[in-house]
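Trainee: Each chain is listed here by its residues.
2 protein chains.
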Amino acid sequence: MLIVQKYGGTSVGSVERIKNVARKIISTRNEGHDVVVVVSAMSGETDRLVSLAHEITHVPVEREMDILLSSGERVTVALLAIALNSMGYPAKAFTGRQVGIVTDSVHTKARIERISGERVQEALKEGVIPVIAGFQGISEGSDVTTLGRGGSDLTAVALAAALKADLCDIYTDVEGVFTTDPNIVSDAKKLDKISYEEMLELASLGAKVLQNRSVEYAAKYGVKVRVLSAFAEGNGTLLTGEDEDMEKVVVSGVTYDRNQSKVTIIGVPDKPGIAARIFGPVAASSIIVDMIIQNVSQESLTDISFTVPRSDVKKTITLMESIIKDIGAREFEVKEDIAKVSIVGVGMRSHSGVALKMFSTLADEGINIMMISTSEIKISCVIDAKYTELAVRALHRAFELGN
Amino acid sequence: MLIVQKYGGTSVGSVERIKNVARKIISTRNEGHDVVVVVSAMSGETDRLVSLAHEITHVPVEREMDILLSSGERVTVALLAIALNSMGYPAKAFTGRQVGIVTDSVHTKARIERISGERVQEALKEGVIPVIAGFQGISEGSDVTTLGRGGSDLTAVALAAALKADLCDIYTDVEGVFTTDPNIVSDAKKLDKISYEEMLELASLGAKVLQNRSVEYAAKYGVKVRVLSAFAEGNGTLLTGEDEDMEKVVVSGVTYDRNQSKVTIIGVPDKPGIAARIFGPVAASSIIVDMIIQNVSQESLTDISFTVPRSDVKKTITLMESIIKDIGAREFEVKEDIAKVSIVGVGMRSHSGVALKMFSTLADEGINIMMISTSEIKISCVIDAKYTELAVRALHRAFELGN
Chain A
113 MLIVQKYGGT SVGSVERIKN VARKIISTRN EGHDVVVVVS AMSGETDRLV
163 SLAHEITHVP VEREMDILLS SGERVTVALL AIALNSMGYP AKAFTGRQVG
213 IVTDSVHTKA RIERISGERV QEALKEGVIP VIAGFQGISE GSDVTTLGRG
263 GSDLTAVALA AALKADLCDI YTDVEGVFTT DPNIVSDAKK LDKISYEEML
313 ELASLGAKVL QNRSVEYAAK YGVKVRVLSA FAEGNGTLLT GEDEDMEKVV
363 VSGVTYDRNQ SKVTIIGVPD KPGIAARIFG PVAASSIIVD MIIQNVSQES
413 LTDISFTVPR SDVKKTITLM ESIIKDIGAR EFEVKEDIAK VSIVGVGMRS
463 HSGVALKMFS TLADEGINIM MISTSEIKIS CVIDAKYTEL AVRALHRAFE
513 LGN
Chain B
113 MLIVQKYGGT SVGSVERIKN VARKIISTRN EGHDVVVVVS AMSGETDRLV
163 SLAHEITHVP VEREMDILLS SGERVTVALL AIALNSMGYP AKAFTGRQVG
213 IVTDSVHTKA RIERISGERV QEALKEGVIP VIAGFQGISE GSDVTTLGRG
263 GSDLTAVALA AALKADLCDI YTDVEGVFTT DPNIVSDAKK LDKISYEEML
313 ELASLGAKVL QNRSVEYAAK YGVKVRVLSA FAEGNGTLLT GEDEDMEKVV
363 VSGVTYDRNQ SKVTIIGVPD KPGIAARIFG PVAASSIIVD MIIQNVSQES
413 LTDISFTVPR SDVKKTITLM ESIIKDIGAR EFEVKEDIAK VSIVGVGMRS
463 HSGVALKMFS TLADEGINIM MISTSEIKIS CVIDAKYTEL AVRALHRAFE
513 LGN
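Residue numbers (our numbering), protein chains in the order written: chain A, 113 to 515; chain B, 113 to 515.
In case anyone wonders, no lab produced these hints; they're calculated from the structure. Note that the structure is a prediction, hence the values are computed from the model and not measured. Ideal Cβ positions, reconstructed from N, Cα and C, are used throughout, including at glycine. Don't take each hint at face value.
Covered stretches of chain B, going by a simulated chain A footprint (3 or more residues, C-beta under 8 Å) [stated by the list, open to error]:
no.	region
1	159 to 169
2	188 to 196
3	394 to 405
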């Protein structure tokens with residue numbers, strides 16, 4: 113098999129850990145596989161570099177930030193290749209440019225346009241282990257670009273797609289994807305398999321195992337991705353296309369997000385174009401709105417509620433003060449202490465009554481639902497933040513997700 | 113004027129210092145000059161990276177070492193360009209590759225083969241200050257290379273040659289080149305001018321102001337190089353071709369080197385090929401021999417003395433033990449506490465009696481001379497290490513070098 117292995121910042125956080133990673137790679141090689149390695153910067157390094165830049169200015173030029181940030185991965189690829197060579201396994205470190213990772217030129221959040229991968233193929237042919245710097249690429253104009261936080265995952269997945277690898281192993285500090293947060297529910301179960309779509313929903317709901325763009329990319333090119341621990345043994349969780357097994361399971365996981373706040377505009381004149389006049393300025397201020405709910409109109413007035421990241425509440429309040437005047441709404445109110453609790457599962461498509469079961473489970477615990485939003489494979493409810501753990505535990509039990 | 117400015121590791125050792133460097137660059141710009149900037153890694157960074165690699169193995173692969181080490185300069189170019197932009201002066205950071213610094217592929221000590229410099233010219237045309245990573249280049253095979261310690265000086269000088277710059281200013285932590293070490297002679301005088309050749313002799317004699325290859329490169333392409341302090345005001349020392357003024361000055365400087373040891377092989381059979389049998393194995397062990405002196409032969413036996421770096425004494429002793437058996441010499445002795453004191457000056461070519469004056473000055477102080485070596489513009493004497501300061505002061509006075 114050809115396996116792409118990606119090691120995150122914690123896995124390569126010290127020289128000792130880098131040596132451990134080298135041993136893991138060697139043991140995969142000794143099982144008879146070809147290995148292509150992708151690594152992140154040592155943990156803390158990217159933050160250190162960002163704060164150096166911020167000591168100079170709060171708005172550093174992005175082209176130069178990319179040269180700055182891309183230096184972190186160069187250190188780890190070099191050290192890992194040095195370790196592999198010292199253990200008797202020929203290895204070569206490559207930068208994003210050297211393996212032909214060509215991106216657009218949107219600095220600090222570039223998108224991969226193509227990967228040539230010639231030098232990787234060459235190295236493999238020579239029996240050399242290629243060790244590739246994640247997170248970075250090069251623009252058509254030959255400038256260094258970076259792919260945004262978590263971009264090393266994307267490098268690994270995109271390389272796996274380009275090389276037609278059999279597997280893309282993402283080594284991280286968790287053992288895989290769980291039915292819910294094990295810190296809240298002690299019998300949370302590690303999933304052996306999960307569909308790309310479920311993973312996308314989980315990631316966008318705050319389960320920080322894999323960067324969302326990586327999952328999308330994997331789904332698009334059908335890359336088999338496995339998430340597993342760099343520190344513990346185990347088979348991790350495999351991300352694949354849906355299969356029949358998966359559809360039998362109605363709900364795969366319960367997740368929550370406590371980083372949102374709710375804004376309600378009261379007494380909004382109910383006429384065409386009003387939503388655009390509210391959410392246009394919000395979007396222009398780079399505030400990402402998650403859920404939006406509009407109540408039925410009474411006497412041509414309606415209420416509109418939406419959620420924004422808690423960190424953007426202040427900015428949102430300032431905006432709202434001028435927006436309600438502009439649209440002639442009565443007032444607005446903000447509730448910060450909310451949580452979004454969600455259930456996710458591709459089986460929902462073929463099973464009915466899932467939403468009802470969620471609502472009644474919460475009701476049985478005396479938890480009031482403030483907002484509801486649904487997608488094909490996900491139902492989210494906004495509740496009072498203080499009930500988060502209670503709700504997650506009750507739902508995990510109700511859908512029989514435990515061990 | 114087009115000025116290349118190079119800032120060393122101490123000058124960019126902290127964010128505060130980087131901002132200071134930005135201000136110096138801006139003030140040169142505001143005087144109406146075009147500026148091209150070359151920077152080293154922050155002081156201590158290269159050592160930090162080397163020791164990370166050495167924690168893994170004592171013989172790290174050199175190709176990977178270059179990827180590792182080249183990361184240091186990327187951080188400083190980015191931070192300096194960020195600082196310049198934040199002060200309102202458009203600047204762009206460039207890696208060695210981006211400005212087309214093509215080297216051979218001798219990793220960790222590559223030689224520059226050519227510089228295209230297109231992006232530098234482009235930037236200058238657009239009024240953008242190019243900030244270039246020193247010390248690094250790229251091989252024909254597209255691998256990252258580094259130029260060896262002090263390589264940033266070479267980057268600056270080579271760029272100045274390629275761009276036909278009017279001046280190459282090397283900012284360092286000393287105010288220029290002095291007639292001798294100011295720590296030993298309090299009235300040591302800063303030289304306003306020095307010839308390339310004198311500088312070469314001084315550098316190879318241990319005055320660590322400029323890397324030797326940079327001086328050679330500057331001499332070859334006639335680059336006007338100025339050495340000056342990044343921290344103090346002043347005009348520094350200008351390196352140029354010889355002129356008449358210089359020839360009037362018999363001696364420009366007195367220098368010393370206490371890092372040598374003397375080895376004497378006694379009773380060497382005086383026959384052809386003997387020197388090769390001694391110095392062949394020494395060279396093969398990468399020990400750099402500085403002075404070699406062979407006494408006149410007595411009864412077909414001769415004595416050979418030579419100096420080696422003090423750090424290589426142990427290795428040399430081991431070698432000598434087998435060499436004296438091999439060549440049938442009587443014995444060898446090692447003297448570690450020696451110093452080499454030298455006087456340098458292009459004026460020696462046209463003045464006689466300089467050597468005599470040196471010898472008698474040392475004799476007047478009661479200092480015994482153990483070895484003598486001379487070149488066209490330099491005379492070196494090996495003496496007992498304990499007389500170093502005394503000898504340097506006496507010579508400095510005798511040749512009237514003080515203020």
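Trainee: Would you say the region 159 to 169 of chain B counts as covered by chain A, given the rule of at least 3 residues with C-beta under 8 Å?
Mentor: That given contact holds, which follows from 6 residues of the region 159 to 169 of chain B lying within Cβ reach (below 8 Å) of chain A.
Trainee: Just to make sure I understand the rule, a stretch counts as covered if three or more of its residues have a C-beta closer than 8 Å to a C-beta of the chain. Does the region 188 to 196 of chain B meet that for chain A?
Mentor: holds (count 6)
Trainee: Between the region 394 to 405 of chain B and chain A, see if three or more residues pass the 8 Å beta-carbon test, and mark the coverage as holds or violated.
Mentor: violated (count 0)
Taken one by one, the earlier hints fail for this structure only at number 3.
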